[in-house]
Amino acid sequence: MGHSALLTVCAKDLRQELRTRESFTSAFFFSLLVQVVFSFAFDFQSIGLGFEDVGGGILWITLTFSSILSLQNSFLIEREKNCLAGLVLCPCDPSAVYLGKFLANSIFVLAVQALILPISTLLFGYDLLRVLPGLAMVVVVNAAGFSALGTLFAAISVRTRRSELLLPLLLLPAATPVVIWGVKATRLCLAGRDLGAYGYLVALSACFGAIFTVAGVLLFDYVMED
Amino acid sequence: MGFRMEALDRNLRRAEILLFGAVGILMIVSLYFVFKVVPSEVTMGVVQRIFYFHVPSAWVAFLGFFVVFLSSIVYLATRRLIWDTVAHAAAELGVLFCGIVLFTGPIWARPVWGTWWTWEARLTTTLVLEMVYVAYLVLRSQAENRDQAARLAAVVGIVGFLDVPIIYYSVQIWRGHHPIVFKSSGGQGLEPIMLKTFMLCMGTFTLFFLLLLALRVRLGILQDALAELKEHDSTAGA
Amino acid sequence: MSAAFLQVRDLDFRFGSRRILRGLSLTLHRGEALALFGANGAGKTTLLRLLATLLRPAAGDAELEGVSLFRRSERSRTRRRIGFLSHQSMLYERLSARQNLLFYARMYEVPDPARRCAELFRLVELEGREDDPVEEYSRGMQQRLALARALVHDPDLVLLDEPFSGLDPRAARRLGELLVDLAEKGKAVLFSSHDLEAGLSVARRVAILWGGRLAFEAGRDTLTLDSLARTYASVAGRIA
Amino acid sequence: MIPPREPDVKNLNYLFWAYTLIWVALAGYLLTLSIRLRAVTSQLRRLKSRLPGDER
Chain G
-5 MGHSALLTVC AKDLRQELRT RESFTSAFFF SLLVQVVFSF AFDFQSIGLG FEDVGGGILW
55 ITLTFSSILS LQNSFLIERE KNCLAGLVLC PCDPSAVYLG KFLANSIFVL AVQALILPIS
115 TLLFGYDLLR VLPGLAMVVV VNAAGFSALG TLFAAISVRT RRSELLLPLL LLPAATPVVI
175 WGVKATRLCL AGRDLGAYGY LVALSACFGA IFTVAGVLLF DYVMED
Chain S
14 MGFRMEALDR NLRRAEILLF GAVGILMIVS LYFVFKVVPS EVTMGVVQRI FYFHVPSAWV
74 AFLGFFVVFL SSIVYLATRR LIWDTVAHAA AELGVLFCGI VLFTGPIWAR PVWGTWWTWE
134 ARLTTTLVLE MVYVAYLVLR SQAENRDQAA RLAAVVGIVG FLDVPIIYYS VQIWRGHHPI
194 VFKSSGGQGL EPIMLKTFML CMGTFTLFFL LLLALRVRLG ILQDALAELK EHDSTAGA
Chain X
2 MSAAFLQVRD LDFRFGSRRI LRGLSLTLHR GEALALFGAN GAGKTTLLRL LATLLRPAAG
62 DAELEGVSLF RRSERSRTRR RIGFLSHQSM LYERLSARQN LLFYARMYEV PDPARRCAEL
122 FRLVELEGRE DDPVEEYSRG MQQRLALARA LVHDPDLVLL DEPFSGLDPR AARRLGELLV
182 DLAEKGKAVL FSSHDLEAGL SVARRVAILW GGRLAFEAGR DTLTLDSLAR TYASVAGRIA
Chain D
22 MIPPREPDVK NLNYLFWAYT LIWVALAGYL LTLSIRLRAV TSQLRRLKSR LPGDER
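Chains as they are written, first to last, in this note's numbering: chain G, -5 to 220; chain S, 14 to 251; chain X, 2 to 241; chain D, 22 to 77.
The shape of chain G in the complex, shown without the other chains (with noise of 0.2 Å):
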């Protein structure tokens, strides 16, 4: 019975996104635009670093704050017409619905990343395929971990009056965890540093994504209580 309503939610803030393309186009040219001024900021040539020393801090801005954009999204829409109590009503646990919603955010923030890294390659000019299978897992393991607990924080805040102001606050300080060992674990990588070198990190990410997400699974239900 579980799976089903997760897939249902899931499968319909992905058609709500294809039909819209809000959350993704907003994530994609905030990310680009960060992209952009960080290359004004780092003439690698004159200040003698490699894309390697900075580019974990510049992907990982790149990161944190396009997901935040399509956390937000993705509750704002639910609340437009009182959908959220909508989701509520249905019989369904309602650990479903955040499941669903972690899953579809998460897809989301990888689909931009995905756009986005080939770009960086071309702004930065380092080279994404050596350190692509690597970089690829750290992306998704830290993106899926800040959209666990991003999820939950996004499900509160939408209930406020100034859901904007409120998700950033609540997010960034309780997910520095996972911003700390994504960019030390994307530094190691763009390094060119095998796995053994930042596989701990990515598991430590893990462990992070692992236990919010069950925190996630326990309280999404009082989020969701009116």
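No false leads were slipped in.
Below, a list of computed lysine to aspartate or glutamate pairs in the DMTMM-like style, where the Cα atoms sit at most 20 Å apart:
#1 G:K75 / X:E136
#2 G:K75 / X:D133
#3 X:K45 / G:D220
#4 G:K75 / X:E163
#5 G:K75 / X:E137
#6 G:K75 / G:E16
To be clear, the hints were calculated from the coordinates, so they are not data collected in a lab.
Following the hints, put chains S, X and D in place on chain G, whose structure we already have.
Frame of chain G, contents of chains S, X and D only:
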């Protein structure tokens, strides 16, 4: 105000008077010990004495967040607003004492390491926790009504506390090397007199925390009673 | 009359520190439509949202055939039996009508979603407009689709919040016929309204909500439009 | 064991500032709490006196 609330209010007031007396005396004794009795730490000199208030503040802030965690769980289970009032009070105190740690830390670091801010694991964790629980207080102010604020804040109170060890661990990894001799000198390296003073200060701060908590909880109860009376007043009049 | 299908016993609800429902009691039988009248802020919407299990009462209880609406363990089964049409449509404006209805049909695990949706589109006369996005629908059409959404899982208890507001006479009459038909099919129907006439034309029983409680309740046949209007004015007058 | 004088003197002001700020924070908070408490209790008393009849 409901009958049970009045009894609680009376007990809180009685507790406050006791605590006020105890904290008053202990504070004077602690100050005497810290400035007069205990010798300066040999390497850092007199400035190390900040330690005797800095670390207890951090402990009390942590205690505050733990109280938020527990009372949030009890609130979600029982839905009695008194637990939400306790959680709100404890969060406010947590943020206050974190603030104290965050500005006594740099004052201590400046003369000893020459920089105002050191990305030392404990100080960084305190900074991140301060931001988490400031966000908790902002959430409360943005909520549409008291019941929603209580429910949503309880969820953040629980999730926020689960995050504490993870944040500390992640910061530990980030800073990599062994933590600067902040606390460890307090632990093993302390002479007996220093240890006694440290324990004295810890006790004083814990009691001070309880005093402030009692006061703030009582304030919360009275505010709720006032809101109820105002509501009653407006509907009776309408 | 069969045993009470919905039994509400002195329900209390508090919004922040404001007591909106004060010991409200109500019974509703299968095959019966009850019209609930009352001024704005009297608590009509709150009562309906409580019965729809969107809110939790401060005190008192409501039972659906002996099972409490608010027991967490029964919640999934209870919600399968309740349909709720609220002020807001709970529809995704950017998705098409069909996508909306199919989504809710799957969420309620309706056996054959496509067939059920086709049936509902016929019932609310929206055939031919299934694939237009809901944002292109008129207010009346959105309301009919919202009604279809509330009935997608064929609920036994149908709660409607101000269904007649904003409808032209023809649409109001059609909605009235539909509600009467639901009641005849053995559903328990409870709807709130400002429109005494529309309510009377549909309901078998009538109630007036005031001061957080049912201040007046009577069978439809014991009333005429103006006797109801007079009672309504006196109820509102006496307590205010 | 008398603590050595010279190296400490310049650090003394840091110590002074640390403790002063701690005191300002704690006493300040205590003060605001008592002010807010007094304000709420007086408002409560005033409102209660205005509603003698249906005291709940």
